[in-house]
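Numbered according to the numbering used here, the sequence shown terminates at residue 265, and the numbering increases by one at each position without gaps.
What the hints contain is simulated information worked out from the structure, not anything from laboratory work.
By construction, the Cβ of each residue, glycine as well, lies at the ideal position given by its N, Cα and C atoms.
Accuracy of the hints is not assured; some may be wrong.
[Said to hold, decoys possible] Beta-carbon label-pair distances, calculated as ranges:
#1 T115 / V11: 12 to 22 Å
#2 D227 / Y146: 13 to 23 Å
#3 S8 / G56: 39 to 49 Å
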Amino acid sequence: GGELNLDSIQVTRIRSFIGAEEIPIVSVVPESGKYGQISSIPGILILINSIISGSGLFSEKWSGKEINEICNLNYAPLIASQSTGKVTLIGTTITQSEGTGIYVSGGAQLSIDSTSQLSSNGERVGSSLSGMQTHVVCNGIDASGYPITSSVDINFNSLPSYSTNQETWVFADSFKGCNSIIRTSGINIYGRIAPQTNTGILQINIDESGSRTVKAIITGNNLNPCDRILNLEIRNQYGQTIISQNLNESSSNAAGAQWEGIDKF
1 GGELNLDSIQ VTRIRSFIGA EEIPIVSVVP ESGKYGQISS IPGILILINS IISGSGLFSE
61 KWSGKEINEI CNLNYAPLIA SQSTGKVTLI GTTITQSEGT GIYVSGGAQL SIDSTSQLSS
121 NGERVGSSLS GMQTHVVCNG IDASGYPITS SVDINFNSLP SYSTNQETWV FADSFKGCNS
181 IIRTSGINIY GRIAPQTNTG ILQINIDESG SRTVKAIITG NNLNPCDRIL NLEIRNQYGQ
241 TIISQNLNES SSNAAGAQWE GIDKF
């Protein structure tokens, strides 16, 4: 098999034409890569002390889009690894991608050490999920649709967002055929982190006629609606649900969720 070792390189993807951001800088594939891609056949790639970056914020892509398009998680990766490919990052920075930082699929393996860094990838600036990022996206389905387990092993020190607000922005869940581990100084994280709410605010507004509308604001961590179904229920004093709202279809952001009642009561 082929093995490619790259040490101390810096590559930036430039949006020189429409769709240029959709071409990975590095693609580890089981067959010859397309023009403009670095290929390792069948696929071992090691990046050491390198910088792989995109052209940064891409508000024209995300602004005003519907939730299903905003949640296109594997859009425009800087690095794509498929099939039996294996990618290892040592002291390497993946940053400023217009979409995903690294996309792993179809049985590929990804390993990122503590001296690497994933930052500012896939920021949905201008959208209703403006606080969201996509550092790593994993899918166990291969190109032919056959399920095969992919693996992700990341040291938490490579995720500044985890240190600041407990957000990993790593989308690698077992139900999608991914074995994921984020290694911390304490307990290792397997799979996705369970959502946590910090505060909840319920505002009741009364108009001139005396009718009332309700606005609920929930803040916390890992509330991202792109890989979770978020439901808000408002119950009366008897425990009966009087309003149920799918937050995936409402105005939400990654660090919290917001809903405003349409029906007056």
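Going down the list of hints, with the structure as the test:
| no. | hint | in the structure |
| --- | --- | --- |
| 1 | T115 / V11: 12 to 22 Å | 19 Å, holds |
| 2 | D227 / Y146: 13 to 23 Å | 22 Å, holds |
| 3 | S8 / G56: 39 to 49 Å | 22 Å, violated |
Consistency with the previously given hints fails for number 3 only.
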